Amino acid sequence: MSRAFVKEDTDIPERSRRTRSASGLPPGALNYMTASGERRFRKRLAELGGNAADHSAEIARLEGILASVSVIETLAVWPESVALGAKVTVRADDGQLETWRIVGVDELEFGDGAVSWISPLGKALLGAEVGERVRVAGENRSLTIVKVEYGDPGD
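Just add 584 to wherever you are in the sequence shown, counting from 1, and you've got our numbering.
It should be emphasised that the hints constitute simulated quantities derived from the structure, not laboratory data.
The calculated lysine-lysine pairs, modelled on DSBU-like cross-linking and capped at a C-alpha distance of 35 angstroms, are:
1. Lys671 <-> Lys627
2. Lys627 <-> Lys707
3. Lys731 <-> Lys707
4. Lys671 <-> Lys731
5. Lys671 <-> Lys707
6. Lys627 <-> Lys731
Label pairs and their calculated CB-CB ranges:
7. Arg719 <-> Asp696: 21 to 29 angstroms
8. Arg725 <-> Ser640: 40 to 48 angstroms
9. Asn635 <-> Glu723: 42 to 50 angstroms
10. Ala641 <-> Gly735: 27 to 35 angstroms
11. Leu614 <-> Glu693: 14 to 22 angstroms
Given the structure is predicted, the values throughout are model-derived calculations rather than measurements. Cβ atoms here follow ideal geometry from the backbone N, Cα and C, with glycine treated the same way.
Given only the sequences and the hints, what does the whole structure look like? Please build it.
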């Protein structure tokens, strides 16, 4: 294929000599985050504000994250469909139940059963509906969506 038909934005940074963002996303990729995640980062930043000299590196990191995000309000427009911010319960092939919350890449540091929207699992779940079976890229198993919930996980 001719290079004329290859989009530069899809080239991996290692090949295009561009650097990845602090979040690990390729250049040009939007850094989506839930409104809850943004509130948690702003709260952490406010807590560090009084000790700016002692925490200048962490403050700069948090400010960089907040400057790079596109905040997505979690709205249960289609309450049976998985979107960013959804808490999803799935049943694996072996009958085990697993629960995940779909979040932005930076929100993973908050833990609590979080999975990034850009991960193979996150990509498989996004857009799926209750009762639907999905396959996770690179894994030899399928998951059935049992329940989709929306709501703030707490700050």
